[in-house]
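A.B. asks: Heads up: the sequence lines are chains L and P, in that order. Its first residue numbered 223, the first sequence is counted upward by one per residue in the working numbering. Its first residue numbered 33, the second sequence is counted upward by one per residue in the working numbering.
Honestly, the hints are just simulated from the structure, not real lab data. For every residue, glycine included, the Cβ atom is placed at its ideal position computed from N, Cα and C. Careful, some of the hints might be misleading.
Stated by the list, open to error - Okay, derived cross-link-like pairs now, BS3-like style, lysine-lysine, Cα gap no bigger than 30 Å in a straight line:
1. P:Lys188 <-> P:Lys68
2. P:Lys125 <-> L:Lys243
3. P:Lys197 <-> L:Lys238
4. L:Lys232 <-> L:Lys350
5. P:Lys202 <-> L:Lys350
6. P:Lys202 <-> L:Lys238
7. L:Lys232 <-> L:Lys243
8. P:Lys202 <-> P:Lys188
9. L:Lys243 <-> P:Lys202
As the list claims (entries may be wrong) - Examples of chain P residues lying across from chain L (beta carbon under 8 Å, computed):
10. Phe122
11. Leu123
12. Leu152
Said to hold, decoys possible - Partial chain L-side listing against chain P, Cβ under 7 Å, derived:
13. Ile249
14. Val251
15. Ile254
16. Cys255
17. Ile299
18. Ser306
19. Ile310
20. Val400
21. Met402
22. Ala405
23. Pro406
24. Phe409
25. Phe410
26. Trp417
27. Arg420
28. Tyr426
Chain by chain, the residues:
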Amino acid sequence: MKLIRVTYTKWYNILKDGLSKENPIAIAVLGICSALAVSNRVENALAMGLGVTFVIIASSLTVSMIRNFIPSRVRMITYMVIISTFVILVQQFLQAYFPSIAAALGAYVGLIITNCIVMGRSEAYASKNPVRYSILDGLANGLGYTYVLVVVAVIRELLAFGTILNVQVLPDTFERWVSMAMAPGGFFVLGILIWIIRELTHNYEVQES
Amino acid sequence: MGNLLEIFTASILNHNIALTYILGMCPLIAISTNIKNARGMGLAVIFVVTLTAIINYPIYLLLQYTEATEISLLVFIITIAATVQFLETFLEKFIPSLYNAFGIYLPLITVNCVVLAVSLFFVNRNYNFLETVSFSFGSAVGWFVAIVLLAAIREKIEHHSNIPKGLAGKAITFIILGILSLAFIGFTGLASI
Chain L
223 MKLIRVTYTK WYNILKDGLS KENPIAIAVL GICSALAVSN RVENALAMGL
273 GVTFVIIASS LTVSMIRNFI PSRVRMITYM VIISTFVILV QQFLQAYFPS
323 IAAALGAYVG LIITNCIVMG RSEAYASKNP VRYSILDGLA NGLGYTYVLV
373 VVAVIRELLA FGTILNVQVL PDTFERWVSM AMAPGGFFVL GILIWIIREL
423 THNYEVQES
Chain P
33 MGNLLEIFTA SILNHNIALT YILGMCPLIA ISTNIKNARG MGLAVIFVVT
83 LTAIINYPIY LLLQYTEATE ISLLVFIITI AATVQFLETF LEKFIPSLYN
133 AFGIYLPLIT VNCVVLAVSL FFVNRNYNFL ETVSFSFGSA VGWFVAIVLL
183 AAIREKIEHH SNIPKGLAGK AITFIILGIL SLAFIGFTGL ASI
């Protein structure tokens with residue numbers, strides 16, 4: 223059975239880790255700043271998610287290619303330089319082709335540099351693994367990040383503006399939840415989402431101390 | 033002077049960088065399990081954020097002068113990484129007591145979004161030098177307040193309450209942050225930034 227065989231390959235496992243088992247937002251809880259700050263509208267969340275995905279793939283690729291030449295003492299700053307180069311690319315691209323989204327995201331595009339997921343994948347995966355797996359790992363984590371971001375954004379945009387992707391969904395009589403568009407909404411939605419995911423997957427956090 | 037004070041108050045309360053701009057979440061959640069660590073991290077952040085903003089301001093003027101503001105991100109992050117590295121070595125060598133107080137948190141600060149965000153925000157808002165100092169110090173103090181408040185609540189919750197298994201840990205932290213954030217929204221209109 224070819225179908226069953228697939229589930230045991232390394233490729234499949236990398237994808238599964240990134241998308242569900244070790245999902246960067248829901249399970250590992252990394253990269254939250256941008257996740258919450260831009261997820262009040264679905265289009266912002268999509269742009270941010272794709273931008274982050276691109277940066278993770280590109281920097282994983284680069285780090286993995288030169289992994290044997292980076293002295294371990296200066297590796298962090300090397301990753302920083304590589305990552306910020308790609309972030310500047312994303313920033314310039316958005317400003318050139320999607321100025322309205324670039325304006326809505328504002329400084330948060332630049333803050334992809336300090337998104338822990340990008341740095342985390344470079345440090346934990348790309349610096350130890352061959353190029354082809356690193357690219358796939360970057361893709362899996364980037365998409366895992368994107369879809370959680372979009373789910374949060376759908377809930378928040380629906381409740382805060384009654385729309386999804388700027389298309390009116392709820393009737394005008396629906397009372398808008400203004401706080402959903404602001405910071406508290408993001409915190410509550412993500413907190414409850416993580417709770418639901420943990421209960422469904424029985425992936426509980428072990429209490430320290 | 034009044035302007036500076038207003039920016040300072042606003043960046044602690046109604047424009048709190050952690051609770052309204054949602055920045056610096058990774059360390060905020062990871063290190064807020066007890067008050068002592070939270071305080072150490074918060075102090076280190078205050079120190080580094082103010083220092084790097086002061087250093088980045090003239091650098092940005094230089095970039096503006098040479099019309100190379102596109103690469104400001106790259107330059108800022110290198111400045112920050114270098115400053116943190118320098119501070120770590122300097123404190124370890126010359127002021128060991130300070131190093132023991134927050135030295136261990138320094139390496140983590142490079143990837144704290146607050147540091148970079150403050151540098152990016154002063155650019156977006158066209159602050160002059162004194163406003164930048166006031167804003168960066170205020171934001172850092174705001175972050176300190178947020179992490180200490182969160183740590184205090186989490187400590188209490190851990191000892192005195194019985195929360196569902198799935199909610200324990202990260203999920204309940206987000207709910208607490210949401211409530212804190214609602215409370216800080218109550219300061220809206222107090223001062224503008």
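A.B. asks: For every hint, state whether the structure bears it out.
C.D. replies: Hint-by-hint comparison with the structure:
no.	hint	in the structure
1	P:Lys188 <-> P:Lys68	14 Å, holds
2	P:Lys125 <-> L:Lys243	44 Å, violated
3	P:Lys197 <-> L:Lys238	24 Å, holds
4	L:Lys232 <-> L:Lys350	15 Å, holds
5	P:Lys202 <-> L:Lys350	29 Å, holds
6	P:Lys202 <-> L:Lys238	22 Å, holds
7	L:Lys232 <-> L:Lys243	14 Å, holds
8	P:Lys202 <-> P:Lys188	15 Å, holds
9	L:Lys243 <-> P:Lys202	16 Å, holds
10	Phe122	17 Å, violated
11	Leu123	18 Å, violated
12	Leu152	4 Å, holds
13	Ile249	9 Å, violated
14	Val251	5 Å, holds
15	Ile254	4 Å, holds
16	Cys255	5 Å, holds
17	Ile299	5 Å, holds
18	Ser306	5 Å, holds
19	Ile310	6 Å, holds
20	Val400	10 Å, violated
21	Met402	11 Å, violated
22	Ala405	5 Å, holds
23	Pro406	4 Å, holds
24	Phe409	3 Å, holds
25	Phe410	4 Å, holds
26	Trp417	4 Å, holds
27	Arg420	4 Å, holds
28	Tyr426	5 Å, holds
Of the numbered hints stated above, those contradicted by the structure are hints 2, 10, 11, 13, 20 and 21, listed in ascending order.
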